[in-house]
Amino acid sequence: MSATFLGMPGNFPKNAAKAVHNSQLRYNLRKATHTIRGKRANVVGELPDWQELRAAGKAIKDHTLRNLDRYLIQLEEAVTRAGGTVHWARDAAEANAIVAGLVKATGETEVVKVKSMATQEIELNQALAEQGITAYETDLAELIVQLGDDFPSHILVPAIHRNRSEIREIFLEKMPKVPPHLTDDPPALAEAARLHLRERFLKSKVAISGANFMVAETGTLVVLESEGNGRMCLTLPETLISVVGIEKLLPSWRDLEVFLQLLPRSSTGERMNPYTSMWTGAVEGQDFHLVLLDNGRTDVLADEVGRQALRCIRCSACLNVCPVYERAGGHAYGSVYPGPIGAILTPQLRGMSSDLDASLPFASSLCGACYEVCPVAIDIPEVLVDLRAKAPHAAAERAGMKVAGWILNDHERLAKAQRAASRLRGLIPKRLPGPMSAWTDTRDMPEIPEESFRDWWERNERA
Amino acid sequence: MSAREEILARIGKAVAGAADVEIPRHYRTAPQVEDLVGLFAERVDDYRAIVHVLPAAEVPAKIDEVVAGRRMIVPEGFDREGGWTDLDTADGVITYCAVGIAETGTIVLDHGPGQGTRAQTLVPDYHLCVVRADQIVGGVPEAVARLDPARPLTWISGPSATSDIELNRVEGVHGPRTLEVIIST
Chain G
1 MSATFLGMPG NFPKNAAKAV HNSQLRYNLR KATHTIRGKR ANVVGELPDW QELRAAGKAI
61 KDHTLRNLDR YLIQLEEAVT RAGGTVHWAR DAAEANAIVA GLVKATGETE VVKVKSMATQ
121 EIELNQALAE QGITAYETDL AELIVQLGDD FPSHILVPAI HRNRSEIREI FLEKMPKVPP
181 HLTDDPPALA EAARLHLRER FLKSKVAISG ANFMVAETGT LVVLESEGNG RMCLTLPETL
241 ISVVGIEKLL PSWRDLEVFL QLLPRSSTGE RMNPYTSMWT GAVEGQDFHL VLLDNGRTDV
301 LADEVGRQAL RCIRCSACLN VCPVYERAGG HAYGSVYPGP IGAILTPQLR GMSSDLDASL
361 PFASSLCGAC YEVCPVAIDI PEVLVDLRAK APHAAAERAG MKVAGWILND HERLAKAQRA
421 ASRLRGLIPK RLPGPMSAWT DTRDMPEIPE ESFRDWWERN ERA
Chain A
1 MSAREEILAR IGKAVAGAAD VEIPRHYRTA PQVEDLVGLF AERVDDYRAI VHVLPAAEVP
61 AKIDEVVAGR RMIVPEGFDR EGGWTDLDTA DGVITYCAVG IAETGTIVLD HGPGQGTRAQ
121 TLVPDYHLCV VRADQIVGGV PEAVARLDPA RPLTWISGPS ATSDIELNRV EGVHGPRTLE
181 VIIST
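For the protein sequence lines, the chains are G and A, in the order given. Residue 250 in full-length UniProt numbering sits at position 250 of the first sequence, and the numbers go up by one each step. Residue 2 in full-length UniProt numbering sits at position 2 of the second sequence, and the numbers go up by one each step.
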């Protein structure tokens with residue numbers, strides 16, 4: 001089982017400070033993010049109407065969120081009509097209990113899984129393990145993370161922080177029946193994973209997936225993938241359980257024409273991903289269950305500035321252009337949602353009561369590159385700034401800001417303070433003690449001149 | 001209150017008073033493509049699939065040629081003598097499709113006649129797909145408009161692939177390692 005993000009100690013600055021000293025990690029990340037951002041730019045450049053698609057994608061999502069209750073009811077009706085069963089879950093515990101109950105009802109103790117952010121978010125694998133059910137990840141990267149007892153570090157390529165020799169080590173150590181003399185050649189590693197999972201696919205009776213999109217009008221669910229592990233899980237087992245966040249909805253079938261262009265080009269940098277599966281209710285004799293997950297999403301929806309984070313289609317383009325992510329890596333964010341989108345989504349979903357979550361809105365240089373590449377135009381910097389204002393601040397910082405505000409609000413007070421600063425310039429410390437040191441450690445104190453500009457101006461005017 | 005009622009109530013409260021949004025659809029719904037077959041063949045080839053463009057009359061002979069020596073699944077509705085093989089022993093599968101998309105090099109199966117079940121085009125290591133020229137559209141919007149959401153749909157762009165190891169593309173992880181496409185003109 002992969003480890004859990006809950007209870008990860010520290011905060012973003014501490015985690016990042018540790019990560020940037022890992023030169024192997026920095027090399028792996030730099031190589032991967034630069035490759036993928038180049039591919040993305042090429043295929044986005046091919047479409048003359050990219051900005052129009054982006055505007056439509058943004059508006060479709062905003063319209064859906066505005067009418068989310070109505071469209072969820074419509075979805076439920078359509079899925080039910082097509083022979084599926086819909087369940088609603090307020091939070092992670094409720095969703096996990098529903099899934100565990102459904103698996104137990106089949107009499108099975110093993111399930112196969114399609115890579116899914118929602119099930120990572122609710123720690124489904126751990127919850128199932130507690131109920132005696134083993135969940136096997138089947139996406140190659142998720143398998144690497146699971147076998148390595150590791151955390152995912154990227155939305156699209158969760159094992160991006162591992163290079164081929166590290167992956168070979170993990171396979172040799174943890175994969176039963178590993179081929180002898182396994183090399184670190186990527187095709188050899190992929191073949192080992194194929195053999196490892198093939199038998200499991202063919203004998204599994206229950207599969208668990210997420211979905212990239214759900215269509216309210218038709219009740220259709222959509223999964224995009226590359227390897228075929230998704231298709232294996234979605235088609236071979238007798239029971240399919242999909243756990244999907246309520247924001248993954250699109251109103252109409254037609255809307256897919258926008259998102260099936262935006263998502264592949266933004267995420268893998270391909271014109272289209274190798275496989276997309278769509279199914280409506282129970283098909284080809286399968287028993288189908290859909291678990292609709294809230295888990296904090298309605299809180300995000302209630303925030304006028306922050307709700308735009310719910311437009312996210314999990315493409316990860318923002319991670320690949322972020323200078324902070326490139327150096328700190330995904331683990332520093334302490335959540336399944338790393339990078340710029342994680343910095344706004346995680347503290348909104350979980351609240352900012354922990355040190356880690358309160359530090360996430362500050363995990364950015366506000367350069368704006370994430371907003372530029374976002375296929376649904378989420379203004380991540382705007383939300384970051386808004387969350388920074390809402391984040392808890394140290395008492396000393398609040399007191400300092402209060403004093404600064406009092407001085408800056410009155411020109412006579414400011415002039416007096418400047419004169420005092422000039423006279424005392426030798427005594428003013430370059431670094432502040434205690435909780436204020438975080439501020440001065442990363443900023444240079446400006447030189448205080450012998451004479452303020454006001455005084456200089458007054459003197460020269462008189463002369 | 002049930003979870004359903006509570007979630008719906010929370011949503012209603014969260015968006016109360018928010019303005020609705022008009023959806024601008026100024027993007028291309030029918031891209032102008034001069035040579036649909038040519039662009040489709042080029043883009044499918046880009047995904048490292050094998051592509052042949054042939055007059056309809058020559059397709060049966062080409063199929064004989066490329067499947068020679070393979071134990072093939074021939075799904076119901078495919079215009080071909082049956083008596084080939086089943087899922088467990090198959091080397092490959094041969095199917096028609098519902099739609100081809102030129103801009104993206106994608107074939108879409110709706111698992112209607114001659115297209116097999118979803119598993120039949122997945123488990124064997126080799127997939128041969130016959131696409132009629134009149135099934136090819138320019139872009140994604142025209143494909144979505146032609147498809148029936150009530151059917152299970154499988155969109156295929158090249159063979160199975162992964163980029164999970166240092167972003168190196170490797171073909172054939174869990175799905176077919178080889179995709180061969182015959183475009184019948």
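Treat the hints loosely; a few may be bogus.
To be verified - One-sided excerpt, in silico: chain A residues whose CB lies under 7 Å from chain G:
| hint | residue |
| --- | --- |
| 1 | Met-1 |
| 2 | Val-15 |
| 3 | Ala-16 |
| 4 | Thr-85 |
| 5 | Asp-86 |
| 6 | Thr-104 |
| 7 | Val-144 |
| 8 | Arg-146 |
Hints listed in this document are in silico derivations from the structure and should not be mistaken for laboratory results. All values derive from a computational prediction rather than experimental measurement. A virtual CB, placed ideally from N, CA and C, is assigned to each residue, including glycine.
**Q.** Broken hints, by number
**A.** Of the numbered hints given earlier, those the structure breaks are 1, 3, 4, 5, 8, listed in rising order.
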